[in-house]
Amino acid sequence: MNSRKRTRLKLKKSLPLLLMALPGLAYLVINNYIPMAGIVIAFKKMDYAKGVFGSDWVGFDNFKFLFSTPDAWIMTRNTLLYNLAFIVIGTICALVVALCMNEIKERFFAKYFQGAFLLPNLISMVVVSYIVFAFLNTDTGLLNRTVLPALGVSEINFYSQPQAWPLILLIVYLWKNTGYASVIYLAGIASIDPTLYEAARIDGAGKWDQIRFITLPQLKSIIIILTLLSVGRIMFSDFGLFYQVPMNSGPLYSTTQTIDTYVYRGLMQLGNIGMSSAAGLYQSIVGFVLVLTANYLVKKISPENAMF
Amino acid sequence: MKNLYSKGEKAFATGSGILLAVLAVASLLPFLLIFMASITSEESLIFNGYSFTPKAFSLDAYHYMLAQSQVVLRAYGVSIFVSVVGTGASLILVSTLAYPLSRPDFPFRRVLTFVVVFTLLFNGGVVPSYIMWTRVFRLKNTIWALIVPNYLMSGFSVLLVKNYFEKAIPRDLIEAAQIDGASEFAIFFKIMLPLSVPVLATVGMLTALVYWNDWINGLYYINDPSLYGIQQLLIRILDNIQFLKSGAAGMALGNVVVDLPSAAVRMALAVIGILPILLIFPLLQRYFIKGMVIGAVKG
Numbered sequence: 018m019n020s021r022k023r024t025r026l027k028l029k030k031s032l033p034l035l036l037m038a039l040p041g042l043a044y045l046v047i048n049n050y051i052p053m054a055g056i057v058i059a060f061k062k063m064d065y066a067k068g069v070f071g072s073d074w075v076g077f078d079n080f081k082f083l084f085s086t087p088d089a090w091i092m093t094r095n096t097l098l099y100n101l102a103f104i105v106i107g108t109i110c111a112l113v114v115a116l117c118m119n120e121i122k123e124r125f126f127a128k129y130f131q132g133a134f135l136l137p138n139l140i141s142m143v144v145v146s147y148i149v150f151a152f153l154n155t156d157t158g159l160l161n162r163t164v165l166p167a168l169g170v171s172e173i174n175f176y177s178q179p180q181a182w183p184l185i186l187l188i189v190y191l192w193k194n195t196g197y198a199s200v201i202y203l204a205g206i207a208s209i210d211p212t213l214y215e216a217a218r219i220d221g222a223g224k225w226d227q228i229r230f231i232t233l234p235q236l237k238s239i240i241i242i243l244t245l246l247s248v249g250r251i252m253f254s255d256f257g258l259f260y261q262v263p264m265n266s267g268p269l270y271s272t273t274q275t276i277d278t279y280v281y282r283g284l285m286q287l288g289n290i291g292m293s294s295a296a297g298l299y300q301s302i303v304g305f306v307l308v309l310t311a312n313y314l315v316k317k318i319s320p321e322n323a324m325f
Numbered sequence: 004m005k006n007l008y009s010k011g012e013k014a015f016a017t018g019s020g021i022l023l024a025v026l027a028v029a030s031l032l033p034f035l036l037i038f039m040a041s042i043t044s045e046e047s048l049i050f051n052g053y054s055f056t057p058k059a060f061s062l063d064a065y066h067y068m069l070a071q072s073q074v075v076l077r078a079y080g081v082s083i084f085v086s087v088v089g090t091g092a093s094l095i096l097v098s099t100l101a102y103p104l105s106r107p108d109f110p111f112r113r114v115l116t117f118v119v120v121f122t123l124l125f126n127g128g129v130v131p132s133y134i135m136w137t138r139v140f141r142l143k144n145t146i147w148a149l150i151v152p153n154y155l156m157s158g159f160s161v162l163l164v165k166n167y168f169e170k171a172i173p174r175d176l177i178e179a180a181q182i183d184g185a186s187e188f189a190i191f192f193k194i195m196l197p198l199s200v201p202v203l204a205t206v207g208m209l210t211a212l213v214y215w216n217d218w219i220n221g222l223y224y225i226n227d228p229s230l231y232g233i234q235q236l237l238i239r240i241l242d243n244i245q246f247l248k249s250g251a252a253g254m255a256l257g258n259v260v261v262d263l264p265s266a267a268v269r270m271a272l273a274v275i276g277i278l279p280i281l282l283i284f285p286l287l288q289r290y291f292i293k294g295m296v297i298g299a300v301k302g
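Which chain is which? The protein sequence lines are A and B, in order.
Going by my numbering, the first residue of the first sequence is number 18, and it counts up by one from there.
Going by my numbering, the first residue of the second sequence is number 4, and it counts up by one from there.
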């Protein structure tokens with residue numbers, strides 16, 4: 018059998034599999050790959066009459082405009098600083114919760130605690146924004162009507178106080194995500210060889226020594242991997258957290274604007290397609306480089322956890 | 004055995020239990036606040052604000068919503084339709100793509116797997132995809148805008164199911180079926196799918212949750228109120244009551260504001276929005292946790 022014939026036979030045999038893959042691939046092409054070609058919009062002056070590919074090229078003008086505004090700096094700073102705080106403080110909180118969860122041997126309590134910590138993760142940011150509103154609004158909010166008066170502090174209009182939001186958003190983030198992150202660390206702790214602890218006990222190691230010298234070192238690779246994966250996504254933010262939770266309040270933009278909210282506002286509220294697409298492409302490219310770097314590092318540390 | 008657990012260890016275990024109990028209560032208090040707020044009388048809300056310990060209870064908010072039930076029920080219907088159809092279609096697309104990619108003898112396996120992985124690494128951003136869905140596919144203000152963009156298939160789900168096909172289902176089974184002359188479609192439907200119920204259930208549940216909680220597709224593509232899902236209805240009402248209270252419209256429509264127990268209704272709606280999750284989650288907690296662990300560590 019010559020090689021061409023063999024190739025044909027192989028193709029014919031794999032035709033049903035190819036057909037099966039087709040609908041899914043078609044969706045990926047439409048939903049993911051065609052918009053990738055659409056990044057040319059960032060280098061054009063978008064004119065709907067001429068279409069995406071017929072509009073005039075303007076080179077890097079959109080980027081020049083974008084980076085000459087203070088917005089570019091503010092949204093980059095906010096995105097990076099929030100993510101940094103989320104990664105560091107979020108990891109520490111999740112580790113503490115996981116370490117404590119590991120001590121709970123009663124199944125009823127373990128299940129109840131875990132359920133309580135996971136529930137906030139399952140509700141939408143819209144409902145979260147209602148809850149935050151119930152705490153913070155000036156007319157009926159719990160803080161303004163009950164807590165602050167009890168402390169003798171006068172009313173605070175949180176929705177026009179930008180300096181309050183880094184803390185508010187951090188608390189909301191931790192409330193919503195710590196349970197989820199701790200589940201993963203708990204699974205990591207559960208897979209540590211118990212004989213390590215027995216040996217340590219015989220040597221007289223107390224609980225803190227066991228955590229310091231066994232648990233944390235054993236979790237090191239999973240901590241590093243999850244951290245690197247988050248670093249790879251450091252240019253991206255949870256749109257709902259930064260748009261819906263502050264209720265899209267204009268006075269708060271200096272501390273709530275991230276790249277994702279800027280892209281949305283540019284496109285849907287200001288109709289500034291050039292700036293919006295330039296910001297989107299800036300985010301995608303830097304994000305892409307960071308993901309590749311993170312994956313490269315993960316591969317060095319633990320190849321089986323690398324994405325590719 | 005007596006000395007196996009030292010005093011320090013016991014103290015640590017007790018301390019952990021106390022800390023977690025406090026945190027668990029703190030984690031649930033916000034839910035309690037909106038629930039209590041929804042059953043507080045409007046006068047009490049106006050005088051004392053939202054509180055864990057209302058002075059006067061009232062079910063007015065729920066009565067009001069019962070009177071307005073067609074709006075809420077319609078939004079519920081939209082959300083259920085979107086979640087069911089979206090999840091079903093997603094499972095079909097994900098599993099039919101994952102199966103060929105899981106077969107070592109499939110010649111395009113490597114390149115097509117890369118096609119899937121690359122979507123996780125790079126995206127064209129919101130602007131081109133918004134223009135495509137609205138200008139080319141004309142999805143704006145159709146129910147499909149809530150289902151098709153973004154969520155119908157995620158590369159993560161494909162890789163998850165592909166991994167399961169590879170690791171949990173013995174190769175011999177497929178080879179035996181091939182020797183018996185079974186077609187690829189028969190192998191897929193009669194062997195692969197029935198044996199992958201656990202992973203499909205996990206992926207399906209997480210997808211359904213994404214659809215139920217989504218409001219971003221609605222934000223971009225829907226401004227026709229008859230197509231609002233429950234999340235969009237919530238957004239609209241949060242904005243709308245504010246509008247009535249702050250703007251000029253508030254003065255013109257002053258009476259309406261008084262008639263509508265707005266502060267309580269708002270929270271009652273939030274309660275209704277999370278009710279399905281509160282009811283279903285305890286039953287499925289185990290599967291959620293399983294899905295989270297696999298999803299996070301191995302994409």
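Just so you know, these hints were derived from the structure itself, not from any lab.
Every residue gets a Cβ at the ideal spot worked out from N, C-alpha and C, and that includes glycine.
Any given hint could be a false lead.
[What the hints assert, rightly or not] Below 27 Å or equal to it, Euclidean Cα-Cα: the simulated DSS-like pairs (lysine-lysine) are:
id : chain 1 : residue 1 : chain 2 : residue 2
1  : A       : K128      : A       : K237
2  : A       : K30       : B       : K170
3  : B       : K293      : B       : K193
4  : B       : K13       : A       : K237
5  : B       : K10       : A       : K128
6  : A       : K317      : B       : K13
7  : B       : K143      : A       : K122
8  : A       : K317      : A       : K237
9  : A       : K67       : B       : K10
10 : B       : K10       : B       : K170
11 : A       : K122      : B       : K293
12 : B       : K193      : A       : K27
13 : A       : K237      : B       : K143
14 : A       : K62       : A       : K81
15 : A       : K81       : A       : K67
16 : B       : K293      : A       : K128
17 : B       : K293      : A       : K30
18 : A       : K128      : B       : K13
19 : B       : K143      : A       : K316
20 : B       : K10       : A       : K27
21 : A       : K122      : A       : K237
22 : A       : K122      : B       : K10
23 : A       : K316      : A       : K237
[Unchecked claim] Where chain B lies over chain A, by a calculated footprint (3+ residues, C-beta under 8 Å):
id : segment
24 : 92-98
25 : 126-135
26 : 154-167
27 : 170-180
28 : 230-239
29 : 281-290
[Stated by the list, open to error] Incomplete in silico selection of chain A near chain B, CB under 7 Å:
id : residue
30 : S141
31 : A204
32 : I206
33 : A207
34 : I209
35 : I219
36 : G223
37 : G267
38 : S271
39 : G297
40 : V308
Verification of the supplied hints:
| no. | hint | result |
| --- | --- | --- |
| 1 | A:K128 / A:K237 | holds (26 Å) |
| 2 | A:K30 / B:K170 | holds (23 Å) |
| 3 | B:K293 / B:K193 | holds (25 Å) |
| 4 | B:K13 / A:K237 | holds (25 Å) |
| 5 | B:K10 / A:K128 | holds (26 Å) |
| 6 | A:K317 / B:K13 | violated (39 Å) |
| 7 | B:K143 / A:K122 | violated (52 Å) |
| 8 | A:K317 / A:K237 | holds (14 Å) |
| 9 | A:K67 / B:K10 | violated (77 Å) |
| 10 | B:K10 / B:K170 | violated (44 Å) |
| 11 | A:K122 / B:K293 | holds (19 Å) |
| 12 | B:K193 / A:K27 | holds (24 Å) |
| 13 | A:K237 / B:K143 | violated (47 Å) |
| 14 | A:K62 / A:K81 | holds (13 Å) |
| 15 | A:K81 / A:K67 | holds (23 Å) |
| 16 | B:K293 / A:K128 | holds (13 Å) |
| 17 | B:K293 / A:K30 | violated (36 Å) |
| 18 | A:K128 / B:K13 | holds (21 Å) |
| 19 | B:K143 / A:K316 | violated (42 Å) |
| 20 | B:K10 / A:K27 | violated (68 Å) |
| 21 | A:K122 / A:K237 | holds (24 Å) |
| 22 | A:K122 / B:K10 | holds (17 Å) |
| 23 | A:K316 / A:K237 | holds (15 Å) |
| 24 | 92-98 | violated (count 0) |
| 25 | 126-135 | holds (count 9) |
| 26 | 154-167 | holds (count 7) |
| 27 | 170-180 | violated (count 0) |
| 28 | 230-239 | violated (count 1) |
| 29 | 281-290 | holds (count 4) |
| 30 | S141 | holds (4 Å) |
| 31 | A204 | holds (5 Å) |
| 32 | I206 | violated (12 Å) |
| 33 | A207 | violated (10 Å) |
| 34 | I209 | violated (15 Å) |
| 35 | I219 | violated (9 Å) |
| 36 | G223 | holds (5 Å) |
| 37 | G267 | violated (13 Å) |
| 38 | S271 | violated (21 Å) |
| 39 | G297 | holds (3 Å) |
| 40 | V308 | holds (5 Å) |
The structure fails to meet hints 6, 7, 9, 10, 13, 17, 19, 20, 24, 27, 28, 32, 33, 34, 35, 37, 38 from the earlier list, while all remaining hints are met.
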